[in-house]
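Same order as they appear, the protein sequences are chains A and B.
1 is the number of the first residue of the first sequence in our numbering; add one for each residue after it.
1061 is the number of the first residue of the second sequence in our numbering; add one for each residue after it.
Among the hints, a few may not be true.
Unchecked claim - Coverage of chain A stretches by chain B, computed from C-beta distances (three or more under 8 Å per stretch; other residues unrestricted):
hint: 1; segment: 861-867
hint: 2; segment: 879-886
hint: 3; segment: 889-896
Said to hold, decoys possible - Pairs of lysine to any residue, SDA-like flavour, derived with a Cα cap of 20 Å:
hint: 4; chain 1: B; residue 1: K1519; chain 2: A; residue 2: A871
hint: 5; chain 1: B; residue 1: K1411; chain 2: A; residue 2: R1001
hint: 6; chain 1: B; residue 1: K1411; chain 2: A; residue 2: L994
hint: 7; chain 1: B; residue 1: K1519; chain 2: A; residue 2: Q836
hint: 8; chain 1: B; residue 1: K1288; chain 2: A; residue 2: I491
hint: 9; chain 1: B; residue 1: K1519; chain 2: A; residue 2: A870
hint: 10; chain 1: A; residue 1: K765; chain 2: B; residue 2: A1192
hint: 11; chain 1: B; residue 1: K1381; chain 2: B; residue 2: W1356
hint: 12; chain 1: A; residue 1: K886; chain 2: B; residue 2: K1519
hint: 13; chain 1: B; residue 1: K1288; chain 2: A; residue 2: N699
hint: 14; chain 1: A; residue 1: K886; chain 2: B; residue 2: K1381
hint: 15; chain 1: A; residue 1: K886; chain 2: B; residue 2: I1114
hint: 16; chain 1: A; residue 1: K132; chain 2: A; residue 2: D485
hint: 17; chain 1: A; residue 1: K762; chain 2: B; residue 2: K1515
hint: 18; chain 1: B; residue 1: K1295; chain 2: A; residue 2: D133
hint: 19; chain 1: B; residue 1: K1515; chain 2: B; residue 2: I1114
hint: 20; chain 1: B; residue 1: K1515; chain 2: A; residue 2: A868
hint: 21; chain 1: B; residue 1: K1411; chain 2: A; residue 2: D313
hint: 22; chain 1: A; residue 1: K886; chain 2: B; residue 2: K1411
hint: 23; chain 1: A; residue 1: K436; chain 2: A; residue 2: L462
hint: 24; chain 1: A; residue 1: K765; chain 2: B; residue 2: P1395
Honestly, the hints are just simulated from the structure, not real lab data.
For every residue, glycine included, the Cβ atom is placed at its ideal position computed from N, Cα and C.
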Amino acid sequence: MRWRILSIFVVMTAAAPSLAQTAPVNGIRPADLRTHAIIGATVVIAPGQRIENASIVIRAGVIEAVGDDLDIPPEARIWPGDGMTVYPGLIDAALLVDVEKIPDGVGAHWNQRVHPQVQMVDQPAPDSSLRKDLRSLGFTAAAVYPSAGVLRGSGVVVALADEDEHVLAYRERAAMAIGFDHGGSWDSATYPGSLMGAIALIRQTLYDAQWHAACQRVWQADPLGHEPPIRADALEALSDVIRRSQPVLFDVTDEHNAQRAARIAREFDLDAMFLGSGVEFRRLEQIVATGLPIIVPLKYPDRPEVSSPLQADDVTLREMMTWEQAPTNARRLLDAGAMVALTTHRLKKRSDFLSALRKAIRYGLSEDDALAALTTTPAKLLGLNRIMGTIEEGKVANLVVVEGSLFQRKPKIRDTWINGRRHEVSKDPDLKLVGKAILRTDRGVEAPVDIDTIKAKLTLHLPDGSKVKAKKVVFQHDRLSFVMDGRVFEIEGYVRLAGVLTEGTIVGAGVLPDGEQFAFTIAPSTEEDGDAEPIDEEAQPAPVGWDPNDQLDADNDDESEETEDDQEGEGDEEEDEEDEEEEEAIEPPPEQLVHPLGAFGLTEHPQPRSILITNATIWTCGSGGVIENGWLAAVDGKITAIGSGAFELGGHYDQSIDGTGKHVTPGLIDCHSHTGVSGGINEWTQAITSEVRIGDVVNPDDINWYRELAGGLTAANQLHGSANPIGGQNSVVKLKWSGSADDFRIHDAIGGIKFALGENVKRSKDRYPNTRMGVEAIIRDSFTAARDYQARWDRYRAMKEDDRTHTMPPARDLELDALVEILSGQRMVHCHSYRQDEILMLIRLAEEFGFTIGTFQHVLEGYKVAEAIAAHGAGASTFSDWWAYKVEVMDAIPYNGTLMHDVGVLVSFNSDSSELARRMNTEAAKAVRYGGLGEDEALKFVTINPARQLRIDHRIGSLEVGKDADFVIWSESPLSSYARCEQTWIEGAKYFDLDHDQALRLWAEAERQRLIQKILKDAHGKPKPPQEPATQPKTQPATEPDIKRNDPDPPYSCCWSQDE
Amino acid sequence: MSIHHMTIGIHPLPGRAAPGCRLCALLHELPLVFVAAVAALVASTSAFAQSRQIPAPPQSRPIVVAGATIHTISGPTLADGYVVFREGRITDVGQGDHPQIENATVINAEGLHVYPGLISADTTLGLVETQAVAVTIDHTEYGRVTPEVRAAVAINPDSDLIPVARASGILTALVFPRGGLVSGRCSTIRLDGWTWEQMAIDAEAGLVIHWPRTEPTRRGRADSPSEKEQRKQIKENLEAIERLFDDAAAYIQARDADPTQSTDLRFEAMRAVLGGEKPVFVRASSPGQIESAVAWSVRRNLRIVIVGGREADRAMPLLAKHNVPVVITGLHRLPRQRHAPFDSPFTLPAKLHEAGIRFVIASGSSPAHERSLSQNAATAVAFGLPRGAALRAVTIEAAQVLGLGGSHGSIEEGKAATLIITTGDPLQITTDILVAFIDGRRIDLCNRHKTLYRKYREKYRQLGLLSE
């Protein structure tokens, strides 16, 4: 179906008639009563504003009046509200639903994940069961967005009415939904295949939209002399977004993607908000700092499985802490100043929303904030605050009527009102019977009965003290029926009874096993009947969940009736008490969080200190050589002095370290790392992907950063993978553990890009290139295209301002931009390579295009063409000694690095592995072993040489005055295989320390044990304390366990002892 | 009396072949045409490369290594010591002046060190040439239960990987079949010989079982089977092992009683293990796997070695109680869990050492990178293992696990003259291995890497970019 579009202005004129479509009625026209009054209720007109004993008058879908002193129009249908609280109807600020048909053909975007022209208002309305589910939680309106794609389409805000014809759209074009969807496996070759590819695609498409708009302007100003702009529905659909007249909704699935989305929003000046992940608290500060509103799902992780110690091993502390802290997420965001709306989206079971909300409140979210996040804030976010979000005169009559409070445990939602139409959610059974009564039959039986129709229980007390529990107890619309065994009649078999309640007594007939009928009554106990309380017949609401139309089928178990009955009653009470207890016994989670969350996270980001190290062996890797008995001073993150002998400069230092016996080196640098990259290191779906950027997907929370710090690494060149001839742009970072991705970035590092040659890039059979010949050709083609592109822009920029307004501009191409930067020497190529032929090929190609390769990576046959590499001026970043894992590395030799060095190439050793990256010092030692390099020169392979290769040697790589105080303290010579990294410092701040590491371990272990206990309590309830042992301690079994054993003596003591 | 004296330079000049590198020396003098032809062969068939090192002839005359520090491993370290060996066996180890022996070759190793050859206790050396080329891989047979296969018979004596391992002092190895539940039988080899038969020390050194997982992996991963399904699979796997051993025992009993019973090669292959003559090498990492395997071996009265042992520190009481040795397959790996200490793989040997559990350190690397064996052992030292224990873990302890405790792993009279002469501590990366003997045969320590190194140094000499 399509919904009706309701103009805001129409709504605002309350007297206007309803815009019902005039579909022909088959038969008699139904009356459509549109004037209602809810009277005598507590009305929360807005968060924090409550009127007791108030009434609301609704006319024609709009709130006509609200207050505690109203004249109720006589024509109004009255809805008693005693005991009820009326809230503004809840608004779900972001639901994602599947889009049935993605536009294709003329005007569609080439990429099937880009379809901003989708308008949810044109799509089928959310189906009636979803609307019903939402209503049952108190929702009256929801913003609905497409669930899949990158640029997905515009949302719509709809009324969650029951009847299709009433599902109108409050806002036809809500925000533009954007997501980071991407493929991931090598099997489905559609771009983007990585997170960074998705980001690049969003950026490129937004630039395309800007370009398209510019072309349209030129065309519309004067079409003469111009080819008309191509039809581009997708780009057209973004025109409001790039003008900031339509907001965007970023669907972000973790705390890092929120920050990535915010970067895009800043780049394009978008009016943005997030559909969050529920784990924003893990990077709260950065996310709140974006200033963007967040629609927060109340999604809490499943309770981790920790019952068996081995299974618990698989659960990280980070997961446990996330489980514990997730209910604090919304509260923490609000406390930190974020604008927060809530959504039922991402919940595994949507029906858990209210209990999740209750949990958030128990973890500190205020009820007013919760209500605002479900009413006024989403109304504002959706631009609908003039017509909804509060209970005020003139606003649409969207209400939720709750018995008691919306925020209590198991709230009882009674009705939702949507555009002034009541939608019943739940209702009590009209009648219930609870209490004690007497069953009498015309066969002379008279027995006391316990009856509870809410629980569908009926128990007869026989004279001998035993009990008979009735089966299939159904009480529905005044009528009671049940089955019981014939003991009460001293008959074997089942007796069926059915009766009707009139004037407090059930009168009916039963059928004996032989078919004979009898009459019976069940009447309330009177005083004469003993001390039993009278039956309690009332038209009071029953506990929520009672549906008088459901047949409750309790007690159909086969357990012994006589023994269990009383106990069961107690059991139920106990259960209730336990539930109550659970509500009380909340163990508040720690308020202070570590970053990153989990083991080895820090409460405080390390701060620079002034520091003095004396009496150490200092490997400067610079002009100072190796200084025995040396000292080093650092202030404000920079090295201020280095020397040898006694330190005589004086001055105050926050920390002095006696380095006797210790060795100090520059922080190690890994020129080829894939640590800390989110969402894939390869955008492998295309041969040329220079538009993607590792810098977009840096993950500062990767635990391997910490492990690498523990090996003395302080900086890394994060590279794209080697799946394509021209891969993505790199990211050069310092390992500022606990910081954000932005903290990690070395901002003044020159940009780089990954290229790759050889086996990896030619193995996709359905993709060019398939040969090393093709590799050369496609790289040549790309640079040729980049040169042409540059020329187009140069011509355009050289135009006079006036001419430019009459000329369609060239389209900005992020892929070619990066190649232009290479051609102009502003971006360095880091090229994965093995064989000498391909190395030489790229050198010649680069020379032809007039640029210099930054580094050859791996370059395992570099030793065969070292003179060419040296003459070209490229660096070589190689493995120390890997070989033989594939055919193109069969000629790799561990002498590669030293031989290239000897011929004049600038050489570094890299890891390409998060494990190896923590042992780069001993990698350097291999240059001593294989090729006899001097030790100080060898250490440069992992310090100043990679720094020079990355053009960051002005800051790091050696210990020299004025450079960053990035250094490592070692237990002995860093080239010794026995050396341990004891401390790692970056910019004068200590990021790793063996002692501190021990403290972090203890903390992590204690936290794990605390959380495991908490999880087990959450799963199984509180354990019984030891003071009251339930049973006698079990004695050890008298005999050995019955295990078949051939020979009780361990037979192998003799087998290993020849030399012992 | 004729004694041949030899001197060994402490640091061979860059590019100069170590003594004994016959082909390197040869290549130097060969016509260019030949070099080119060899290079072409290397380039075109590198996946099926054939080592050009020439196996050594049997020891023909007594050899005395004199003036060196002798690290006997089993006994005290002897400064200014000597080792004498004849016909492949060590006949004398001592200190001070070496005995004058008729017709002996005396190697003056002053300032150098003698160690037993290192032992790689968990490798597929000889069964793999190029990881990425499936046809060069011979370690995993079809089927889940293949005790009948033996590693030794598929070892390529001309693998280019073997001389590379040898050049780092590894002279003995335990080569494993891989995969399935019962992979086959592993073989101990010496790293030199014209044929696999010459290389094999014991082609049937033990049975190899990959112990199945004993705990379900994390639930909640989309592609992982449910916990229930996993438990079912675990049960089936464990029962398959039990069934196999029951069946094998029944078969052997029947066959011994009645030789006309038809033969089953799989069960025949298990005789030595069931009889307690050979151990079962059980690949097991998690505490659950280790505990389950040890309990099984005790119940069945089998000798067992745990191989892999990644989390053996969490099954220490059981390992200690039953004196089960552990081959630690590599330290250079990342901790399995995010919350584990960064050095948890590095400290494992120290923990086992303190608990008195016997262990061996293996490289944990691909066979091409066996040379990382000594670095793995060194890392254990950096993280708390006494250096002597680390050395033992790659020599004598390994020899004992390989069933070669009587013949290998230390410098002792009567043992094989399988030893190395080094510039220093063999666990230090910077230490060179100058000379190696296997059973008294002096081994060619050249390899593909040194050959290529020499070749391309020559290129730069020709270009005038290198002086020597």
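Here is what the structure says about each hint:
1. 861-867: holds (count 4)
2. 879-886: Since three or more residues must qualify, the claim that chain B covers the segment 879-886 of chain A holds, with 6 doing so at under 8 Å.
3. 889-896: Coverage by chain B holds for the segment 889-896 of chain A (5 residues, Cβ < 8 Å).
4. B:K1519 x A:A871: Given pair K1519 of chain B, A871 of chain A holds - Cα atoms ~15 Å apart, limit 20 Å.
5. B:K1411 x A:R1001: Holds, at roughly 17 Å.
6. B:K1411 x A:L994: Roughly 18 Å between the alpha carbons, so the hint for K1411 of chain B and L994 of chain A holds.
7. B:K1519 x A:Q836: holds, 14 Å
8. B:K1288 x A:I491: Measuring from Cα to Cα gives roughly 47 Å; hence the hint is violated.
9. B:K1519 x A:A870: holds, 15 Å
10. A:K765 x B:A1192: Satisfied, since the Cα-Cα distance of roughly 17 Å is no more than 20 Å.
11. B:K1381 x B:W1356: holds, 14 Å
12. A:K886 x B:K1519: Distance of about 25 Å is beyond 20 Å: violated.
13. B:K1288 x A:N699: Given that 20 Å is the threshold and the Cα spacing comes to 35 Å, the pair is violated.
14. A:K886 x B:K1381: Answer violated: K886 of chain A to K1381 of chain B is near 44 Å, above 20 Å.
15. A:K886 x B:I1114: violated, 25 Å
16. A:K132 x A:D485: Between K132 of chain A and D485 of chain A the Cα gap is close to 42 Å, so the pair fails against 20 Å, i.e. violated.
17. A:K762 x B:K1515: violated, 30 Å
18. B:K1295 x A:D133: violated, 42 Å
19. B:K1515 x B:I1114: holds, 19 Å
20. B:K1515 x A:A868: Between K1515 of chain B and A868 of chain A the Cα gap is close to 17 Å, so the pair holds against 20 Å.
21. B:K1411 x A:D313: Holds, at about 19 Å.
22. A:K886 x B:K1411: violated, 37 Å
23. A:K436 x A:L462: Holds, at about 14 Å.
24. A:K765 x B:P1395: violated, 36 Å
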